[in-house]
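Peer 1: Read off the chains here:
There are 2 protein chains.
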Amino acid sequence: MDLKLLVKNILKGETKAIARGMSLIENDSEHAPPLLAALHTNTGQAYRLGITGPPGSGKSTLTARLIKLFRETDQKVGVVAVDPTSPFTGGAVLGDRIRMMEFSADSGVFIRSMASRGSLGGLSRKAQDVADVLDSSGKDIIIFETVGVGQTELDIADTADTVVVVLVPESGDAIQTMKAGLMEIADIFVVNKSDREGTDKLKMELEMMLNLRPKDETRWKPPILTTTAHQGIGVEALKEKMDAHREYMEKNGLLELKRKARINSKVRSILQSRLLEDFWTETNKKLFDEKMDLVLNNKLSPYDLVNSLLEKKA
Amino acid sequence: MDLKLLVKNILKGETKAIARGMSLIENDSEHAPPLLAALHTNTGQAYRLGITGPPGSGKSTLTARLIKLFRETDQKVGVVAVDPTSPFTGGAVLGDRIRMMEFSADSGVFIRSMASRGSLGGLSRKAQDVADVLDSSGKDIIIFETVGVGQTELDIADTADTVVVVLVPESGDAIQTMKAGLMEIADIFVVNKSDREGTDKLKMELEMMLNLRPKDETRWKPPILTTTAHQGIGVEALKEKMDAHREYMEKNGLLELKRKARINSKVRSILQSRLLEDFWTETNKKLFDEKMDLVLNNKLSPYDLVNSLLEKKA
Chain A
4 MDLKLLVKNI LKGETKAIAR GMSLIENDSE HAPPLLAALH TNTGQAYRLG ITGPPGSGKS
64 TLTARLIKLF RETDQKVGVV AVDPTSPFTG GAVLGDRIRM MEFSADSGVF IRSMASRGSL
124 GGLSRKAQDV ADVLDSSGKD IIIFETVGVG QTELDIADTA DTVVVVLVPE SGDAIQTMKA
184 GLMEIADIFV VNKSDREGTD KLKMELEMML NLRPKDETRW KPPILTTTAH QGIGVEALKE
244 KMDAHREYME KNGLLELKRK ARINSKVRSI LQSRLLEDFW TETNKKLFDE KMDLVLNNKL
304 SPYDLVNSLL EKKA
Chain S
4 MDLKLLVKNI LKGETKAIAR GMSLIENDSE HAPPLLAALH TNTGQAYRLG ITGPPGSGKS
64 TLTARLIKLF RETDQKVGVV AVDPTSPFTG GAVLGDRIRM MEFSADSGVF IRSMASRGSL
124 GGLSRKAQDV ADVLDSSGKD IIIFETVGVG QTELDIADTA DTVVVVLVPE SGDAIQTMKA
184 GLMEIADIFV VNKSDREGTD KLKMELEMML NLRPKDETRW KPPILTTTAH QGIGVEALKE
244 KMDAHREYME KNGLLELKRK ARINSKVRSI LQSRLLEDFW TETNKKLFDE KMDLVLNNKL
304 SPYDLVNSLL EKKA
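Protein chains in written order, with my numbering: chain A, 4 to 317; chain S, 4 to 317.
If we strip away everything but chain A, and leave its shape as in the complex, we get (with noise of 0.2 Å):
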């Protein structure tokens, strides 16, 4: 493999050298490490939209709608869609293939689905590398989409830049919406369905909410906006607040604050990696199998069996 043909190609914005450093990535090559490394120096220049919310309240509708707006001022958009279906299912396949047909023709964007369950795990780390690649490849928005219930594999509050929530009126009570940890990360709420019944009744609790919280003059205030996405109604509106957030983030020197965090816990993620990978050495994979019998007949404790594989090492 020439790492830096695709290097070069990736910087240059080709299509084709994206979805290859992408597959690297996700089949754990050997390549990735050094593909990201070289491409490391090139990042930090993409804003990272986070677009989350429970399943079917239109989420890649209202982001196909962003896409369009994102490219009528010429920026390109990378997508990054984590879908929590199982690989046995292929949907994740086959709903990227539907939605890419759409921009086909559009070089200035690229879609990329990523399978949750089934992962081999690491799939937050993974879909962090893979918007690297976007990044590198001179994406201005990079939009992580993501489904967003109790906290999720990728914790898109610690991944996007800006968040925006998407609920619909059959969400449910506001008080589920707490609980379900999504008033917290939520940095504007979008109502979309807005259409159906329930729109006013939801965005009073979620006002009602918002309110609840302390007040603090300097700290932003989500927004709550309508939208109906299938018609494109409303998605003007919330691309000038993400807009606005994205201000008020540079304004207070918090965009920089969220990358270094970023790249403090992607640095600690390939430590401990390596740490394990530099562990399973041949003799202490034996040594495991045999020590592991005794803990499952209950004649060893996990922590016993730890502690004397640790030493074995020193």
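Do not rely on the hints blindly, as some may be mistaken.
Treat identical chains as interchangeable: a pair holds within one or across any two.
Said to hold, decoys possible - The list that follows gives simulated cross-link-like pairs (lysine to aspartate or glutamate, EDC-like), each with its CA atoms no further than 16 Å apart:
(1) Lys242 - Asp77
(2) Lys218 - Glu253
(3) Lys263 - Asp292
(4) Lys206 - Asp77
(5) Lys79 - Asp109
(6) Lys263 - Asp296
(7) Lys263 - Glu293
(8) Lys224 - Asp143
(9) Lys218 - Asp198
(10) Lys302 - Asp246
(11) Lys19 - Glu208
(12) Lys224 - Glu187
(13) Lys15 - Asp158
(14) Lys206 - Glu173
(15) Lys261 - Asp296
(16) Lys204 - Glu75
(17) Lys254 - Asp203
It is worth saying that the hints were derived from the structure and are not from the lab. The model shown is predicted, which means the values in this text are computed figures rather than measured ones.
With the hints as your guide, set chain S onto chain A.
Peer 2: Chain S only, in chain A's frame:
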């Protein structure tokens, strides 16, 4: 701290000792590993149930009803409720107190809520460690109650022997259910709040989905039940199906397999923490901070930083 006494009292099933042991785990106390090591030989007795579903589907009410049924046959019950509510809102603690009241006079029931968001990480392992305390304390049934849409931090399918997925008529199209990955983890489906409109439609959709699976007579086919938990309707039928699934698991040696997989991943998780702990010496912390500046300024990649740290160590 008198660890021996604590172990003795937990094994006797004393409520105060159980709570104390759990707090050690939740607070990452240095006493937690030796405690769990000492309790290990007494684990593996309890049957582990998972109750999962979207927020607002009535999981807590259903759990309370099931506890009552188990108590009728004098089975001791422990509940680990994994709640994605943030610690800031205090939801978990409050919910705990409210739920505890009903069973507060019954020493055969122990309920513990754990908050997901804002935890210091490792929630999944902590939830399982807390369950091990309950297991060793002589509980016959352990119920994991968790908000499940998409991949949550606690992987209920790996944690529980029988997984009950609770939906409500408003849960939306079954397609969305499948997308959320609930389809593959359910051993039993429950349509709760079945007095509401849409119950039959949801049941039919679930049935259709299940029929899409490859035919396999030997494999468990998840039944679809209806309940109205707040009135107690359908809960006995649910318990019967739970018993049937348990019997199926036992007969086919699947319980033992699940336990093995659980212990295996536990050992690996402990190993990972220990490797990291051992790595973060004062020297490495200092080196990390120094080189991190280079990474933030795009002069060094995260991968190169890790490489240099690991070489330094050797």
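Peer 1: Regarding lysine 204 and glutamate 75, is the shortest C-alpha distance of 16 Å or less found within a copy, between copies, in both, or in neither?
Peer 2: Neither. Shortest intra-copy (34 Å) and inter-copy (42 Å) distances fail the 16 Å Cα cut-off.
Peer 1: When no copy is named, should lysine 206 and aspartate 77 be tagged within, between, both, or neither for a Cα gap of at most 16 Å?
Peer 2: Answer is neither: 33 Å inside a copy and 47 Å across each miss the 16 Å cutoff.
Peer 1: Can you give me the call for lysine 15 and aspartate 158, within, between, both or neither, at a CA distance of at most 16 Å?
Peer 2: Classified as neither: same-chain Cα gap 30 Å, cross-chain 40 Å, threshold 16 Å.
Peer 1: Are the CA atoms of lysine 206 and glutamate 173 at most 16 Å apart within a copy, between copies, both, or neither?
Peer 2: Only inside one copy: lysine 206 and glutamate 173 sit 12 Å apart there, 19 Å across copies, limit 16 Å.
Peer 1: When no copy is specified for lysine 254 and aspartate 203, does a C-alpha distance of 16 Å or less occur within a copy, between copies, both, or neither?
Peer 2: So lysine 254 and aspartate 203 fail the 16 Å test inside a copy (33 Å) and across (53 Å) alike.
Peer 1: Checking an output row: lysine 242 and aspartate 77, CA cutoff 16 Å. Within, between, both or neither?
Peer 2: within (15 Å within a copy, 59 Å between copies)
Peer 1: When Cα atoms must be at most 16 Å apart, do lysine 263 and aspartate 296 count as within-copy, between-copy, both, or neither?
Peer 2: between (44 Å within a copy, 10 Å between copies)
Peer 1: How would you classify lysine 261 and aspartate 296 at a CA-CA limit of 16 Å: within, between, both, or neither?
Peer 2: For lysine 261 and aspartate 296, only the inter-copy Cα distance (15 Å) is at most 16 Å; the intra-copy one is 45 Å.
Peer 1: Can you give me the call for lysine 79 and aspartate 109, within, between, both or neither, at a CA distance of at most 16 Å?
Peer 2: Close inside one copy (10 Å), not across copies (62 Å); limit 16 Å.
Peer 1: How would you label the pair lysine 218, aspartate 198 (within, between, both, or neither) given a Cα cut-off of 16 Å?
Peer 2: Close neither inside one copy (32 Å) nor across copies (42 Å); limit 16 Å.
Peer 1: At most 16 Å between CA atoms: does that hold for lysine 224 and aspartate 143 within a copy, between copies, both, or neither?
Peer 2: neither (25 Å within a copy, 48 Å between copies)
Peer 1: Should lysine 224 paired with glutamate 187 be assigned to within, between, both, or neither, using CA atoms and 16 Å as the limit?
Peer 2: within (11 Å within a copy, 39 Å between copies)
Violation of the numbered hints given earlier is confined to hints 2, 4, 8, 9, 10, 11, 13, 16 and 17; the remaining hints are satisfied by the structure.
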